[in-house]
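Full structure from sequences and hints, please.
Residue numbers (this note's numbering), protein chains in the order written: chain A, 1225 to 1476; chain B, 1225 to 1476; chain C, 1225 to 1476; chain D, 1225 to 1476.
A couple of the hints might just be wrong.
Any copy, or any two copies together, can satisfy a pair, since identical chains are not distinguished.
[Claimed, not checked] Straight-line Cα separation of at most 16 Å, EDC-like style, residue types lysine to aspartate or glutamate; simulated pairs:
{"#": "1", "residue 1": "1374", "residue 2": "1286"}
{"#": "2", "residue 1": "1357", "residue 2": "1429"}
{"#": "3", "residue 1": "1372", "residue 2": "1356"}
{"#": "4", "residue 1": "1457", "residue 2": "1227"}
{"#": "5", "residue 1": "1235", "residue 2": "1452"}
{"#": "6", "residue 1": "1382", "residue 2": "1286"}
{"#": "7", "residue 1": "1438", "residue 2": "1303"}
{"#": "8", "residue 1": "1438", "residue 2": "1304"}
{"#": "9", "residue 1": "1357", "residue 2": "1452"}
{"#": "10", "residue 1": "1330", "residue 2": "1227"}
Hints were generated in silico from the structure; no laboratory data involved.
As the structure is a computational prediction, the values presented were derived from the model and not from experiment.
4 protein chains.
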Amino acid sequence: MEDIIVRFIEKPELRRPIFVEGLPGVGNVGKLAAEHLVDQLKAKKFAEIYSKHFPPQVLVRDSGTVRLVSNELYYIKREEPLRDVVILTGDYQGLTPDGQYELSDKILEIARDLGVKEIFTLGGYGLGRMIEKPRVLGAATSEELVEKMKGFGVTFSKGEPGSGIVGASGLLLGLGMLHDVDCVCLMGETSGYFVDPKAAQAVLEVLSRILDVKVDFSDLEDKAEQIDLITSKLKEQEPQAEPSKEDLGYIG
Amino acid sequence: MEDIIVRFIEKPELRRPIFVEGLPGVGNVGKLAAEHLVDQLKAKKFAEIYSKHFPPQVLVRDSGTVRLVSNELYYIKREEPLRDVVILTGDYQGLTPDGQYELSDKILEIARDLGVKEIFTLGGYGLGRMIEKPRVLGAATSEELVEKMKGFGVTFSKGEPGSGIVGASGLLLGLGMLHDVDCVCLMGETSGYFVDPKAAQAVLEVLSRILDVKVDFSDLEDKAEQIDLITSKLKEQEPQAEPSKEDLGYIG
Amino acid sequence: MEDIIVRFIEKPELRRPIFVEGLPGVGNVGKLAAEHLVDQLKAKKFAEIYSKHFPPQVLVRDSGTVRLVSNELYYIKREEPLRDVVILTGDYQGLTPDGQYELSDKILEIARDLGVKEIFTLGGYGLGRMIEKPRVLGAATSEELVEKMKGFGVTFSKGEPGSGIVGASGLLLGLGMLHDVDCVCLMGETSGYFVDPKAAQAVLEVLSRILDVKVDFSDLEDKAEQIDLITSKLKEQEPQAEPSKEDLGYIG
Amino acid sequence: MEDIIVRFIEKPELRRPIFVEGLPGVGNVGKLAAEHLVDQLKAKKFAEIYSKHFPPQVLVRDSGTVRLVSNELYYIKREEPLRDVVILTGDYQGLTPDGQYELSDKILEIARDLGVKEIFTLGGYGLGRMIEKPRVLGAATSEELVEKMKGFGVTFSKGEPGSGIVGASGLLLGLGMLHDVDCVCLMGETSGYFVDPKAAQAVLEVLSRILDVKVDFSDLEDKAEQIDLITSKLKEQEPQAEPSKEDLGYIG
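This is the structure we're talking about:
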């Protein structure tokens, strides 16, 4: 079989498209943000990506039907501004380092075929401690982009993240550079202990300004409240377990 | 060498064949069921599958002769109903995730070449606790199939299995869907602590109704009694060890 | 680079050659036996095998010069009986299961090109306890070979080795069968705790009768005495550590 | 994507070039030495190597811009002596054994295309104990080279390193031999507990005599003092942790 199978439902004609990636990672920040964007903008799925670099697994829906684990591509057509948006999200990242390279390279190829010249990758920045007001840290493929992003409220902090950016959110930048694609990674600060809708909201607030879209955050706020409820209960019951060092600083 | 070597002993002409898979997994339910079916229906081996995705190992027979670890394909020709049956069983599943994808893809290719349009995969559903009367849970590639299976006594339970279906029993469904093959996974509830002939029998009772075959279960009942004897002795001697979480919810 | 690099020093013309394999494994029995045979028969090296399936490592000789880890092929020409012998030994087996398949398949290809129709693989059979008089257990590709081997003092014992034969000593049999090569595995019983020259001698005593060669065992006996000395000292000093279950029953 | 991507910034014409490798490893000795040489000789970067055998990671510069993890090639043109120098350093070695083989093979191909006939690989020799005056141990591809290196103060010590040389520093020698390239590995003795600029200096002192270049060591001496300060503080605070055996004897 092919290592990566791309099934196009539709091949959309896009105008100056901006690409947004949000896959599972620290605090699930990137995936939460991307999925919320898909919901809010009523984005349309146009492709499914299957791969032997993903786990050998199907997921079972409530109806009893199954679907093979995948990544998925969505698009939104817009007139004002006249720039369409492509969103990538999915169940998993590649299981192995070389699988991650293969997948990011293939995604980049698809993006370039769609005419994408700008990529935003979304992730969490694990702090290893609870955080009240998460900042959105950035990294980019050029100094011009860094300056531009500062104007949107993105924080660029020397030495953060010290261990670099691992996974698709990093690779799309690294491989994108080799093809002269402008790329920015937006990382919402998170404890890294829980799924973190608050960090996802912080990232999306910045991204919605960049994309010039309106996003309603009430769903994410509800989820954040539920998480807060659970964590506050846990705090009462038992002392917080220390996360392993590996969990921290990893960016999805 | 080829990654997967298929050695055909015979290339049977089959009529509207139904494909049944049962490989090692949780409680060895799938393999037990498939092997019992091979015995009961006097199925004929027609192909052996060798692969570098299996362990580098030969097994030694009581006669002192060896055989390379493999998967094996059997068939049964039937007049009433006029639908033949293909059964896949074997020593191992692929050792790596991508090996599992490669093997399931190859098996699906063989099945399609034989004219297969319906696949049943058999496995165990690990509960992590002893179970008196195992139900047979199902998952399928379409809602029509879900409804049809309910008629055969298969239980479809929202959120079960919550972690999806891993391994060949899942992949054949997931990859089968991409080729418009109708697939159902039948999972016998099992503790997951032991080889579980009782769960295999539960699965086969459902499958025999679906296939419209008569199966004598006395062999499986004998095996179940032996297991019961061992487990009841173990219970007397020492407190039951907790299974690792990884063992649970996994489906072969 | 090629996955496996075979460098021929010479391409010998061999007469009805018998192939003998002895690579590292349990008790290092196979490698000790094969190396002793090379020494005793003054076998001539004719090929070196390098591979990315081996560790990324060079070994340093006493002279300060290095050599890349490898497997090596030797031959012996004989008039009486008119059957030449090929011996394979080396530093390592493949690091991964699929690497082991690739290497055994390549070695089999070389053997078949040399006209080999009979293969003997040598290894240890780990008992997990000290053994005074090691037996030589066997496994073979046909019942005729089993009977023939019994005549040379090889023991065929129902259920031993229960977990099969892992690694090159097993794979050469398993893959050899697919090419109709007659193969026998000879396994010297060993504790599996130490390098075991005594088990290697037991294996070679049987093999020398099969090959009809004279072998002087004084070197192996010296090594065995040294090991005995060390182990008896260890016994005095501290209670014997339990080997992990994984170490037992593995055959090189 | 290609497994290894080589991006040439420039294709220099070099005169009888000598190749020097220094990648991360024990005590980071090789990388420290190679980077110091690049700085001191104002070597010019002419190629970048990206690979799916490296971690899927970008590093973030203080400016907020990113770069994909890589290995890098530098050159120095010299009139006196009329021998140019190529230096390889980088962020990582290959993650897997076969990735290391692939990378070393590719690097060797590049070196040979540049006309390289002599390679020096730099690394640390982990002792597992603190060392006051590190020696520089050697290994080479011929006895002539061993003798020549002794004249430059390199120590060749029987049985050291007993476990051979692992990684690029070993593989370049092992694979280089297959192409008749003269190769020497220089290993600075180090505890293996810390990044070790002192061992890097010892290696560079020898190498600078071989290459006939002048190197100022004040930067490395400053770094060594900082490390000494940290380690002496650690000694006061707590007993030194035992390094795992795996950390010792490994050569980058």
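Here is how each hint holds up against the structure:
Proximity of residue 1374 and residue 1286 under a CA criterion of 16 Å is satisfied inter-copy only: 14 Å between copies versus 44 Å inside one chain copy. In this assembly of identical chains, residue 1357 and residue 1429 lie within 16 Å of each other by CA distance solely inside one copy; the values are 13 Å within and 52 Å between copies. With identical chains, the CA atoms of residue 1372 and residue 1356 are never at most 16 Å apart, being 26 Å at best within one copy and 51 Å at best between copies. Proximity of residue 1457 and residue 1227 under a CA criterion of 16 Å is satisfied in neither setting, with 44 Å inside one chain copy and 49 Å between copies.
Proximity of residue 1235 to residue 1452 under the C-alpha cut-off of 16 Å is found in neither arrangement, the shortest distances being 41 Å within a copy and 58 Å between copies. For the homomeric pair residue 1382 and residue 1286, the shortest alpha-carbon distance between copies (5 Å) is at most 16 Å, but the shortest distance inside one copy (46 Å) is not. Taking the closest pair of Cα atoms, residue 1438 and residue 1303 come within 16 Å of each other only inside a single copy of the chain (14 Å); across copies the shortest separation is 64 Å, beyond that limit. Taking the shortest Cα distances, residue 1438 and residue 1304 sit within 16 Å of each other inside one copy (12 Å), while across copies they are farther apart (63 Å).
In this assembly of identical chains, the alpha carbons of residue 1357 and residue 1452 lie at most 16 Å apart only when taken from the same copy (13 Å versus 40 Å across copies). Taking the shortest alpha-carbon separations for residue 1330 and residue 1227, both the intra-copy value of 10 Å and the inter-copy value of 13 Å come in at or below 16 Å.
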